[in-house]
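Asks: Given next are the chains, with one letter for each unit.
There are 2 protein chains.
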Amino acid sequence: MDVLKVSSKSNPNAVAGALAGAIREKGIAEVQAVGAAAVNQAIKAIAITRGFVAPNGIDIITVPAFSSISIDGEERTAIKFLVEPR
Amino acid sequence: MDVLKVSSKSNPNAVAGALAGAIREKGIAEVQAVGAAAVNQAIKAIAITRGFVAPNGIDIITVPAFSSISIDGEERTAIKFLVEPR
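Taken in order, these protein sequences are the chains called A and B.
Take the first sequence: its letter number 74 is residue 74 in the working numbering, and every next letter is one higher.
Take the second sequence: its letter number 30 is residue 30 in the working numbering, and every next letter is one higher.
Be aware that a few hints might be false.
Stated by the list, open to error - Straight line, CA to CA, 25 Å or less: simulated DMTMM-like cross-link-like pairs of lysine to aspartate or glutamate:
1) K80/B with E30/A
2) K26/A with E30/B
3) K80/B with E84/A
4) K80/B with D59/A
5) K80/A with E74/B
6) K26/B with D59/A
7) K80/A with E75/B
8) K80/A with E30/B
Quick caveat, the hints were computed from the structure, so don't treat them as lab data.
With the hints as constraints, model all of the structure from the sequences given.
Replies: So this is what it looks like as structure tokens:
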């Protein structure tokens, strides 16, 4: 499964394009975000992706979960979003 | 359908409790958030809610969407999350 890392500086439209491609190809993708600004960009990207894949007859939903990741040796809590067809 | 308005100061655990109650009672709920910090609290609340309703055999998913709302006469873009069983 493709894991897309989204930051506060990510462009939601660009992330949505990559996400739509991953979903069309593999049926499921994961988006990872650390921090409020990154989570906000991730959610915008997922909302935009819905419009990108709707013409393919795909109605996507997301499942958010907490995830522990290590950044520069420091433990951080990320939000991971599984994005998949309903 | 119950609409829960989440702000940057909302306690994700408290929101999750209300959300779990609404889902158990009505099967579906909506969460509304304006701004990155509020969206982050909303997503944490939805992730926590998954754990609250899982013992009831409910596996929830969310569908994020953009929504135009009026705050003090000003047009703002909110994110609304439909939260429902898979």
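Asks: May I ask which of the numbered hints given earlier this structure violates, with the numbers listed in increasing order?
Replies: Those not satisfied are hints 2, 5 and 7.
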